[in-house]
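Protein chains: 2
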Amino acid sequence: MFRERLAQDATLIQDHFDLVLGALDDLDVTQAMAYATQGGKGLRGFLVLESARLHDVDTARAIWPATGIEALHAYSLVHDDLPCMDDDDLRRGRPTVHLKWDEGIAVLAGDALQTLAFELCTRSEIGPAEIRAELALSLAQASGAQGMVLGQALDIAAESADSPLTLEEITHLQAGKTGALIEWSACAGARLAQADLAPLRQYAQSLGLAFQIADDILDIEGNAEIAGKRLQKDAEAGKATFVSLLGLDAARTRAAELVEQSCAALEGYGASAETLKDAARFVIARDS
Amino acid sequence: MFRERLAQDATLIQDHFDLVLGALDDLDVTQAMAYATQGGKGLRGFLVLESARLHDVDTARAIWPATGIEALHAYSLVHDDLPCMDDDDLRRGRPTVHLKWDEGIAVLAGDALQTLAFELCTRSEIGPAEIRAELALSLAQASGAQGMVLGQALDIAAESADSPLTLEEITHLQAGKTGALIEWSACAGARLAQADLAPLRQYAQSLGLAFQIADDILDIEGNAEIAGKRLQKDAEAGKATFVSLLGLDAARTRAAELVEQSCAALEGYGASAETLKDAARFVIARDS
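Residue numbers (our numbering), protein chains in the order written: chain A, 1 to 288; chain B, 1 to 288.
Take the hints with a grain of salt, since some may be wrong.
From the structure, some residues in chain B lie toward chain A, with a derived Cβ separation under 7 Å [said to hold, decoys possible]:
(1) Gly-22
(2) Leu-24
(3) Asp-26
(4) Gly-39
(5) Gly-40
(6) His-79
(7) Cys-84
(8) Met-85
(9) Leu-108
(10) Phe-118
(11) Ala-136
(12) Ser-143
(13) Gly-144
(14) Ala-153
Among chain A residues calculated to face chain B with C-beta under 8 Å, some are [stated by the list, open to error]:
(15) Asp-28
(16) Gln-31
(17) Thr-59
(18) Phe-118
(19) Ala-133
Treat the hints as calculated values from the structure; they're not laboratory data.
The C-beta atom is built at its ideal place from N, Cα and C for all residues, glycine as well.
This is chain A alone, in the form it adopts within the complex:
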């Protein structure tokens, strides 16, 4: 049920990207933007669409911020992969944008994907201006120097630090780096319905941390071909991770506990939250 829904939603979002990007001039930079949006799991967009369904919000409205958050995620990957950042050759099983084109195009395509994210979150098709302004403001707060970029900056600072990060510091770093956008995505449905954000926020905070622990486990145990990206990066760089600090078994146990907490936060929604709960179970079972 969950995997089908995830795939269906990814197709909806890809079709929406085609519509939106198809309206732009055909240039290297717009081709690179389209390329960068392809082939992902679409977990963040799925969280937007599914949390919207949970609140009976029409998919025709929710598809805009769902595509927006995938544009924002794509921008962060294109820039993260640059030689001056993580210097990665492979992303989603294909050459990274700066290899397929060049670094200038990768910088520009990432920039334009970020801009596109804010355009998509404020489009009039979404509904009342109050909702659109709130979506954009919260997205900026989740992705900027208090959210995702803060996490990336702490990650860079950790590389030149004298001692490896503590568990508390890594938790803080990851809450920004991956947690903030996952939280934004899961809360989007409640924002679209102007409903209480608290249950989805709690769901997402546990989910986001479980997601990162699973990523650290995948980095150690995964198959690069299946994952579609370079693995063992953290170990090679001598970086502290949840696995290096907790050990593999305790990390697995902690991730499973977090998934349980995540599911418990949605109890109030009854059976209609089943797909979101499945999503939480999926993040610790995935191989890519």
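With chain A held as given, fit chain B onto it using these hints.
Just chain B now, kept in the frame of chain A:
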């Protein structure tokens, strides 16, 4: 009058940056963000504040989008200066961000400055949600792959083109690259007041083109020390510019005509538009 007002507004905006950036964690990336916002003329922010005054909009509201557009402009400069883009060492008379720190910090600081721009344009202090959603949406459209980034992409494409650009093509390129943000800035006051955008839009379109022609003249005739940036770049790169296509005298005449058109567009506002008219006259007389 105009130069004083420009300097006063630049101080207001710088103080607002201090307030906003001072709330962030003290890291290389946030220091680089602050550095990148310093030392500019602040023309775009001035246009926001002055067009707001023209509509009796309180500066306490307008300072948010005024600081936002300067954050967006700063992001575009930091990324433009990167080795994979224009590869510049000097900006506003100081080392560029990637030299003062490194390329990774420059990418990240630029990214976070773009995000900050959208945060500042949607902050609740600005007023009604309708205005905030409209400011953010129009900023995204002006700065993304249909606006500023389109202009930059056309500029890159022109470098590998077989023949130099025509006057029409350069006008289209510049309307995106510098024109769209100048237009957004000048229209912001009318947006804040929910007034008719047409006169300010016309003012800004002529102003933006005059600004670019003046930039091309400055690139040929200017003093790099006063300008605070590398000059003669376009000539060295063999790029077509307004000056190479029109000749220096005709380019000067065209810029002066455009400034007259720009001023004429504001006739309906009477004497209160005098500072904005002075701004138009300034853009073709500046030396930096």
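Cross-check of the supplied hints:
Violation of the interface hint for B/Gly-22 is found here, the shortest Cβ-Cβ separation to chain A being roughly 12 Å, above the 7 Å cut-off. This hint holds: B/Leu-24 has a C-beta 5 Å from the nearest C-beta of chain A, less than the 7 Å allowed. Hint on B/Asp-26 is violated. Least Cβ distance to chain A is approximately 11 Å, over the 7 Å limit. Because the beta carbon of B/Gly-39 sits about 20 Å from the nearest beta carbon in chain A, more than 7 Å, this interface hint is broken.
The interface hint given for B/Gly-40 is violated, since its Cβ lies 19 Å from the closest Cβ of chain A, which is over the 7 Å cut-off. Hint status for B/His-79 relative to chain A: holds, with the closest Cβ pair at about 6 Å, below 7 Å. The closest approach between the C-beta of B/Cys-84 and any C-beta of chain A is roughly 4 Å, which is under the 7 Å cut-off, so the hint is satisfied. Interface hint status for B/Met-85: upheld, as the beta-carbon distance to the closest one in chain A is roughly 5 Å, under 7 Å.
The restraint placing B/Leu-108 at the interface with chain A holds, with a minimum CB-CB distance near 6 Å, inside the 7 Å limit. Taking 7 Å as the C-beta contact cut-off toward chain A, the hint placing B/Phe-118 at the interface holds, the least distance being around 5 Å. Look at B/Ala-136: its Cβ gets to within about 5 Å of chain A, closer than 7 Å, so that hint holds up. Given hint, B/Ser-143 at the interface with chain A, holds; its Cβ is 5 Å from that chain's nearest Cβ, closer than 7 Å.
Annotation: B/Gly-144 was flagged as interfacial toward chain A, and the flag holds, the nearest CB pair being 4 Å apart, inside 7 Å. The beta carbon of B/Ala-153 is positioned within 7 Å of a beta carbon in chain A (closest approach about 4 Å), and the interface hint is therefore held. Hint on A/Asp-28 holds. Least Cβ distance to chain B is approximately 7 Å, under the 8 Å limit. Interface restraint check: A/Gln-31 against chain B, minimum CB-CB distance 10 Å, threshold 8 Å, status violated.
This hint is violated: A/Thr-59 has a C-beta 21 Å from the nearest C-beta of chain B, more than the 8 Å allowed. For A/Phe-118, the interface hint holds, the least distance from its beta-carbon to any beta-carbon of chain B being 5 Å, beneath 8 Å. A distance limit of 8 Å between C-beta atoms decides the matter here; for A/Ala-133 the minimum to chain B is near 4 Å, and the interface restraint holds.
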